[in-house]
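2 protein chains.
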Amino acid sequence: MSTHPNASGLDQPPPARTMSRRRLLAAMVGSAVAVGAGVWASRKWAKPIPGGAVMNPRLFTFVGGETGTWSVLQIKAVVGETLPDVKRLDILNTTVPALPDAAKWRLHGVTSNERYATRAEKDLLVAKQAALGRPGATHAALIPIRKNAKWWGLTQDERRGIFEDRSHHVKTGLKYLPAIARRLHHCRDLGENEPFDFLTLFDYAEADSAAFEDMVAELRASEEWKFVDREVDIRLVREGV
Amino acid sequence: MSTHPNASGLDQPPPARTMSRRRLLAAMVGSAVAVGAGVWASRKWAKPIPGGAVMNPRLFTFVGGETGTWSVLQIKAVVGETLPDVKRLDILNTTVPALPDAAKWRLHGVTSNERYATRAEKDLLVAKQAALGRPGATHAALIPIRKNAKWWGLTQDERRGIFEDRSHHVKTGLKYLPAIARRLHHCRDLGENEPFDFLTLFDYAEADSAAFEDMVAELRASEEWKFVDREVDIRLVREGV
Numbered sequence: 021m022s023t024h025p026n027a028s029g030l031d032q033p034p035p036a037r038t039m040s041r042r043r044l045l046a047a048m049v050g051s052a053v054a055v056g057a058g059v060w061a062s063r064k065w066a067k068p069i070p071g072g073a074v075m076n077p078r079l080f081t082f083v084g085g086e087t088g089t090w091s092v093l094q095i096k097a098v099v100g101e102t103l104p105d106v107k108r109l110d111i112l113n114t115t116v117p118a119l120p121d122a123a124k125w126r127l128h129g130v131t132s133n134e135r136y137a138t139r140a141e142k143d144l145l146v147a148k149q150a151a152l153g154r155p156g157a158t159h160a161a162l163i164p165i166r167k168n169a170k171w172w173g174l175t176q177d178e179r180r181g182i183f184e185d186r187s188h189h190v191k192t193g194l195k196y197l198p199a200i201a202r203r204l205h206h207c208r209d210l211g212e213n214e215p216f217d218f219l220t221l222f223d224y225a226e227a228d229s230a231a232f233e234d235m236v237a238e239l240r241a242s243e244e245w246k247f248v249d250r251e252v253d254i255r256l257v258r259e260g261v
Numbered sequence: 021m022s023t024h025p026n027a028s029g030l031d032q033p034p035p036a037r038t039m040s041r042r043r044l045l046a047a048m049v050g051s052a053v054a055v056g057a058g059v060w061a062s063r064k065w066a067k068p069i070p071g072g073a074v075m076n077p078r079l080f081t082f083v084g085g086e087t088g089t090w091s092v093l094q095i096k097a098v099v100g101e102t103l104p105d106v107k108r109l110d111i112l113n114t115t116v117p118a119l120p121d122a123a124k125w126r127l128h129g130v131t132s133n134e135r136y137a138t139r140a141e142k143d144l145l146v147a148k149q150a151a152l153g154r155p156g157a158t159h160a161a162l163i164p165i166r167k168n169a170k171w172w173g174l175t176q177d178e179r180r181g182i183f184e185d186r187s188h189h190v191k192t193g194l195k196y197l198p199a200i201a202r203r204l205h206h207c208r209d210l211g212e213n214e215p216f217d218f219l220t221l222f223d224y225a226e227a228d229s230a231a232f233e234d235m236v237a238e239l240r241a242s243e244e245w246k247f248v249d250r251e252v253d254i255r256l257v258r259e260g261v
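Chains A and B supply the protein sequences, listed in that same order.
Per the numbering used here: the first sequence = residues 21 to 261.
Per the numbering used here: the second sequence = residues 21 to 261.
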């Protein structure tokens with residue numbers, strides 16, 4: 021059997037007979053491909069569909085380069101290797117097949133179900149939290165982190181014990197709501213060898229900058245952060261405000 | 021900025037200066053690309069590296085077609101849509117960029133950290149479980165499942181409550197160890213619109229076929245399975261034995 025693995029082989033053939041609701045929607049919106057009986061058997065999905073889009077509302081790409089809504093104020097390694105300096109950050113709710121001209125790096129992740137919050141904690145978060153993108157939220161931070169093998173070798177109850185019972189991750193975040201809005205993207209299970217496990221994007225008003233510093237300092241001083249073996253802190257300000 | 025999303029855009033540009041240990045290894049093993057200062061800035065990673073491999077030991081691809089170690093005895097929908105009938109199943113520890121000739125479908129997933137097991141349960145599992153691929157394990161089953169939005173909207177403690185406290189998922193599996201070996205692959209966070217959330221591969225000796233039926237029947241009768249909205253049961257036998 022022909023098997024030529026490459027760096028971009030995660031596309032999935034969508035057999036018409038067995039197409040899920042999600043894939044059907046993606047195919048209808050993202051391309052002009054005819055969907056009918058037998059089509060799946062003859063199609064090869066290695067080549068990109070020109071202009072076609074993968075419609076996964078949970079997938080985000082962060083491109084560091086010369087364009088984008090956000091101006092980069094600073095890129096600083098907290099632990100481990102940094103990322104190359106860039107002028108702008110573009111945030112896209114899609115995949116980006118090629119590194120755009122003049123861009124220096126690209127990171128992607130998916131929003132997913134929460135792994136540690138209890139119902140009581142989730143209800144508190146939902147009651148207090150704001151969505152990203154408020155008009156006054158002119159400041160932002162993208163903080164990619166990777167946790168070490170020891171963390172990933174722990175069991176769920178052990179990770180929960182460190183995450184909340186001893187490091188108060190949710191409780192710390194709650195203190196800064198709704199001033200600091202947050203969206204977590206997971207990368208560990210994207211299937212490729214991702215450089216980070218998580219990308220967290222925060223935004224806030226300039227007046228809340230000191231609160232943001234307090235929050236990240238508290239989290240970095242926690243037991244949970246002993247398992248972080250790479251962390252880059254990217255500070256951003258929105259253009260045109 | 022140029023953004024032409026396609027169906028295979030999950031490759032990641034590996035800047036030489038910032039390359040992680042994992043990516044560096046992948047680049048060294050998987051291709052003849054020169055790794056040096058400045059290389060990252062000029063390379064475009066949209067095109068596959070000919071013959072290059074994505075080295076992610078956690079990633080597996082299952083190809084239904086005409087070739088592969090496993091003969092397909094039966095493909096049966098348990099809930100929701102089925103998958104097209106095929107003669108053989110090939111299991112590859114890599115990505116497969118194109119659907120091979122005569123293949124009808126391809127599924128992929130990554131092994132990952134366990135999401136529910138406690139340390140006590142994990143220790144019991146590790147003490148009793150066998151790895152896939154024992155010489156006598158001539159029978160196998162690949163069971164792709166998808167869980168509904170209600171499941172994914174639950175919090176960790178609610179999912180754990182259903183998974184173990186009320187459905188005894190780990191306890192049920194433990195009863196059948198070491199006879200039934202198992203490997204779980206996650207697909208939900210692969211970043212594309214995957215047709216399933218999980219792919220579980222089991223293998224066992226012919227003499228343990230009845231035990232395997234008992235196990236899947238017990239799990240399917242559990243509260244957890246009320247959240248399964250697609251399940252396909254693919255039974256396999258190893259060729260040449």
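Treat each hint with caution, since some may be false.
Which copy? The list can't say, so a pair holds if one copy fits it or any two copies do.
As the list claims (entries may be wrong) - Below, a list of computed lysine-lysine pairs in the DSS-like style, where the Cα atoms sit at most 30 Å apart:
#1 Lys107 <-> Lys148
#2 Lys142 <-> Lys107
#3 Lys148 <-> Lys191
#4 Lys170 <-> Lys107
#5 Lys191 <-> Lys142
#6 Lys191 <-> Lys96
#7 Lys170 <-> Lys148
#8 Lys96 <-> Lys195
#9 Lys170 <-> Lys246
#10 Lys191 <-> Lys107
#11 Lys191 <-> Lys170
#12 Lys170 <-> Lys96
#13 Lys195 <-> Lys170
#14 Lys142 <-> Lys170
#15 Lys246 <-> Lys195
#16 Lys96 <-> Lys246
Hints in this document: simulated from the structure, not taken from any laboratory.
Here the structure is a predicted model, which is why all the values come from computation and not from measurement.
Going through the hints against the structure:
1. Lys107 <-> Lys148: Neither. Shortest intra-copy (33 Å) and inter-copy (54 Å) distances fail the 30 Å Cα cut-off.
2. Lys142 <-> Lys107: Classified as neither; 36 Å inside a copy, 47 Å across copies.
3. Lys148 <-> Lys191: Cα proximity of Lys148 and Lys191: one copy only (12 Å, versus 38 Å across).
4. Lys170 <-> Lys107: This pair counts as neither: shortest intra-copy Cα distance 35 Å, inter-copy 42 Å.
5. Lys191 <-> Lys142: both (11 Å within a copy, 28 Å between copies)
6. Lys191 <-> Lys96: Within one copy only: 26 Å inside a chain, 47 Å across chains, cut-off 30 Å.
7. Lys170 <-> Lys148: between (33 Å within a copy, 22 Å between copies)
8. Lys96 <-> Lys195: Within one copy, since 25 Å is at most 30 Å while 51 Å is not.
9. Lys170 <-> Lys246: For Lys170 and Lys246, only the intra-copy Cα distance (10 Å) is at most 30 Å; the inter-copy one is 34 Å.
10. Lys191 <-> Lys107: Intra 34 Å, inter 54 Å, cutoff 30 Å: neither.
11. Lys191 <-> Lys170: both (24 Å within a copy, 26 Å between copies)
12. Lys170 <-> Lys96: within (25 Å within a copy, 40 Å between copies)
13. Lys195 <-> Lys170: both (29 Å within a copy, 29 Å between copies)
14. Lys142 <-> Lys170: Cα proximity of Lys142 and Lys170: in one copy and across copies (27 Å, 15 Å).
15. Lys246 <-> Lys195: Only inside one copy: Lys246 and Lys195 sit 22 Å apart there, 37 Å across copies, limit 30 Å.
16. Lys96 <-> Lys246: Within one copy, since 18 Å is at most 30 Å while 47 Å is not.
When held up to the earlier numbered hints, the structure conflicts with 1, 2, 4 and 10 and fits the remainder.
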